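Following the hints, put chain Y in place on chain W, whose structure we already have.
Order-wise, the sequence lines are chains W and Y. Numbered according to the numbering used here, the first sequence spans residues 2 to 336. Numbered according to the numbering used here, the second sequence spans residues 2 to 336.
Please keep in mind that the hints were generated in silico from the structure rather than gathered at the bench. Note that the structure is a prediction, hence the values are computed from the model and not measured. Glycine included, C-beta positions come from ideal geometry on N, C-alpha and C. Keep in mind that the hints are not guaranteed to be accurate.
Said to hold, decoys possible - Example chain Y residues on the side facing chain W (calculated, C-beta under 10 Å, incomplete):
1) 80
2) 115
3) 118
4) 128
5) 181
6) 187
7) 192
8) 247
9) 255
The chain contents come next:
2 protein chains.
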Amino acid sequence: MKLASLKAGRDGRLVVVSNDLAWFADAGQIAPTLQAALDDWGRCEPLLRGLAESLEHGATTSERFHEHEAASPLPRAYQWADGSAYVNHVDLVRRARGASLPESFWTDPLMYQGGSDGFLGPRDPIPLADEAWGCDLEGEVAVITGDVPQGVTPQAALDCIRLVMLVNDVSLRGLIPDELAKGFGFFQSKPASAFSPVAVTPDSLGPAWRDGRLHGPLEVELNGALLGQPDAGIDMTFDFGRLIAHAAKTRSLCAGTIIGSGTVSNRGEGGSPGKPIAEGGVGYSCLAEQRSVEAIAHGAPRTPFLRFGDRVRIEMRDGRRHSVFGAIEQEVTRV
Amino acid sequence: MKLASLKAGRDGRLVVVSNDLAWFADAGQIAPTLQAALDDWGRCEPLLRGLAESLEHGATTSERFHEHEAASPLPRAYQWADGSAYVNHVDLVRRARGASLPESFWTDPLMYQGGSDGFLGPRDPIPLADEAWGCDLEGEVAVITGDVPQGVTPQAALDCIRLVMLVNDVSLRGLIPDELAKGFGFFQSKPASAFSPVAVTPDSLGPAWRDGRLHGPLEVELNGALLGQPDAGIDMTFDFGRLIAHAAKTRSLCAGTIIGSGTVSNRGEGGSPGKPIAEGGVGYSCLAEQRSVEAIAHGAPRTPFLRFGDRVRIEMRDGRRHSVFGAIEQEVTRV
Numbered sequence: 002m003k004l005a006s007l008k009a010g011r012d013g014r015l016v017v018v019s020n021d022l023a024w025f026a027d028a029g030q031i032a033p034t035l036q037a038a039l040d041d042w043g044r045c046e047p048l049l050r051g052l053a054e055s056l057e058h059g060a061t062t063s064e065r066f067h068e069h070e071a072a073s074p075l076p077r078a079y080q081w082a083d084g085s086a087y088v089n090h091v092d093l094v095r096r097a098r099g100a101s102l103p104e105s106f107w108t109d110p111l112m113y114q115g116g117s118d119g120f121l122g123p124r125d126p127i128p129l130a131d132e133a134w135g136c137d138l139e140g141e142v143a144v145i146t147g148d149v150p151q152g153v154t155p156q157a158a159l160d161c162i163r164l165v166m167l168v169n170d171v172s173l174r175g176l177i178p179d180e181l182a183k184g185f186g187f188f189q190s191k192p193a194s195a196f197s198p199v200a201v202t203p204d205s206l207g208p209a210w211r212d213g214r215l216h217g218p219l220e221v222e223l224n225g226a227l228l229g230q231p232d233a234g235i236d237m238t239f240d241f242g243r244l245i246a247h248a249a250k251t252r253s254l255c256a257g258t259i260i261g262s263g264t265v266s267n268r269g270e271g272g273s274p275g276k277p278i279a280e281g282g283v284g285y286s287c288l289a290e291q292r293s294v295e296a297i298a299h300g301a302p303r304t305p306f307l308r309f310g311d312r313v314r315i316e317m318r319d320g321r322r323h324s325v326f327g328a329i330e331q332e333v334t335r336v
Numbered sequence: 002m003k004l005a006s007l008k009a010g011r012d013g014r015l016v017v018v019s020n021d022l023a024w025f026a027d028a029g030q031i032a033p034t035l036q037a038a039l040d041d042w043g044r045c046e047p048l049l050r051g052l053a054e055s056l057e058h059g060a061t062t063s064e065r066f067h068e069h070e071a072a073s074p075l076p077r078a079y080q081w082a083d084g085s086a087y088v089n090h091v092d093l094v095r096r097a098r099g100a101s102l103p104e105s106f107w108t109d110p111l112m113y114q115g116g117s118d119g120f121l122g123p124r125d126p127i128p129l130a131d132e133a134w135g136c137d138l139e140g141e142v143a144v145i146t147g148d149v150p151q152g153v154t155p156q157a158a159l160d161c162i163r164l165v166m167l168v169n170d171v172s173l174r175g176l177i178p179d180e181l182a183k184g185f186g187f188f189q190s191k192p193a194s195a196f197s198p199v200a201v202t203p204d205s206l207g208p209a210w211r212d213g214r215l216h217g218p219l220e221v222e223l224n225g226a227l228l229g230q231p232d233a234g235i236d237m238t239f240d241f242g243r244l245i246a247h248a249a250k251t252r253s254l255c256a257g258t259i260i261g262s263g264t265v266s267n268r269g270e271g272g273s274p275g276k277p278i279a280e281g282g283v284g285y286s287c288l289a290e291q292r293s294v295e296a297i298a299h300g301a302p303r304t305p306f307l308r309f310g311d312r313v314r315i316e317m318r319d320g321r322r323h324s325v326f327g328a329i330e331q332e333v334t335r336v
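Okay, chain W solo, but in the shape it has when bound (with noise of 0.2 Å):
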């Protein structure tokens, strides 16, 4: 089952979408919003599902979907949880900064608390006041789970999953040396993310959900070009049941919650850090990882971070190239 939610008000307006995301359905008379369908899932799931089945039949009456006029699935969330969960991408980052790796990230999973009161929409603008705040994307899955218990095993925090989707989780570089400094973790260095226009339950995803991870070439594009295509299922240190279990160690999480993978990242031959798309590599999904890679190689970095005008990309396809969660597609425009 794949769910959106098309602009309107505050919450949007949920729908389902077909699985090739050509038709949709209005699910208002199930749930107004996903919000609300999330905080009542057991009443609603098997409705929705219902739906579903009947759009695919063409047994519903049902629109053509745009991706443009749809939000991020939660235009807004009570929490958004970001992992960091692919450790090669700690690891270059802190190394193209002179800093070693912590042997404990190998198994104590990094997380900070995001923003979660306005995501942009999955074709919105990305608003920068400052080019000279080091705009990047980053290229991430997460998970939408329902309601999560405090002492959650990972194993039991699978079966809290109730849907997948994409994530850009936008990056102001130049002012995270500052404000992690300060002790706190990230606060104006991550301003708005924006997910994809749609959401998947796992049991839609196929074999490319297992273990905890989405498999599949996560597709990064720079302008037209390609940036990287990791493989979202290789090299993810932690599964997102570890990761929901470490959101819950010491509280409950309330139904909705986003937890986030990090930047996908995958090593290269040997441990290495993986070679750039020019290069025969598959590439990185933020600009920060070539940076590094280019400071590591040639002593400083050669990619700049995002300007006004640039666009990002961000997609996963099928087997048969069909997209699965619809693009994030953005430009950074001067605010």
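Below, chain Y alone, put in the same frame as chain W:
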């Protein structure tokens, strides 16, 4: 005007409370929840104020208000961002562990993104799994904002403040050092917070609300004994306008955003750390400060962190000793 959310469903039931906290009138005809009222404040505010006036004059149906029936004013919120505006608190806690205070902390606010997907009710127990986590209370002031535009000035931010309330920002001191060392800020070390039974509009606070600060002693009790009564209007280095502007530097804030002051803390004579209640000082609104002062004076802290069965109480009274926001009163319970 005073507003509360009686416990009902996930988001409570909005009611208007009389100034003396004795009565309430149902506000469901205006907005079902406080978040719904904040989302449509232009329409709802005059209607709620009309209802509040009727309630004061006995001109509407009313019922007895019982604080223990109240959830936190926003039982869950889209954003909870907590500043650390009383730099004395930061200084003390750092001094106790031998760290100095960077000069920038006096000019650049500290702020962390807190979990907001589920707050404890003001009389709910604090669910703790392990006493060794070093559970502490933190008495604070918080405001709820309307929509705040990106890049707002501190002065304009003051006009975005809709409501003021008190907070117990529960902290797990034992988990903080390792978590902050990872560099991504608090997560597991900051479980669910609790807010006062009632949220109050700034105009209803009279002279206690001025200069973007709440003035008056914040009474904090532990097991019935006064732990502290620091004045919330004193030594608050950054007023709420500054804190909101800090939060909105790189992104807009959604209506219903909660911004916290950080632990209320007054310096002692000549800028000294301040004395405990037992020595004639104004005391502290968290155990960490008391322990820090003990560590500085005696080489080691003497006051333990919270244990199962301990009761904390946080309240503020006006000049006539009437409770302004109702009391947060919680017992630590084993889960």
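Hint check results:
Given the 10 Å rule on beta carbons, the hint for residue 80 of chain Y holds: about 4 Å separates it from the nearest Cβ of chain W. For residue 115 of chain Y, the interface hint holds, the least distance from its beta-carbon to any beta-carbon of chain W being 6 Å, beneath 10 Å. Contact between residue 118 of chain Y and chain W, as hinted, is supported at the beta carbon level, the nearest pair being about 4 Å apart and thus within 10 Å. Because the smallest distance between the Cβ of residue 128 of chain Y and any Cβ of chain W comes to about 7 Å, under 10 Å, the interface hint for this residue holds.
This hint holds: residue 181 of chain Y has a C-beta 5 Å from the nearest C-beta of chain W, less than the 10 Å allowed. Checking residue 187 of chain Y against chain W by beta carbon gives a least distance of about 7 Å; that is within 10 Å, so the hint holds. Restraint check, residue 192 of chain Y versus chain W: the minimum CB separation of about 4 Å is within 10 Å; hint holds. A distance limit of 10 Å between C-beta atoms decides the matter here; for residue 247 of chain Y the minimum to chain W is near 7 Å, and the interface restraint holds.
Checking residue 255 of chain Y against chain W by beta carbon gives a least distance of about 4 Å; that is within 10 Å, so the hint holds.
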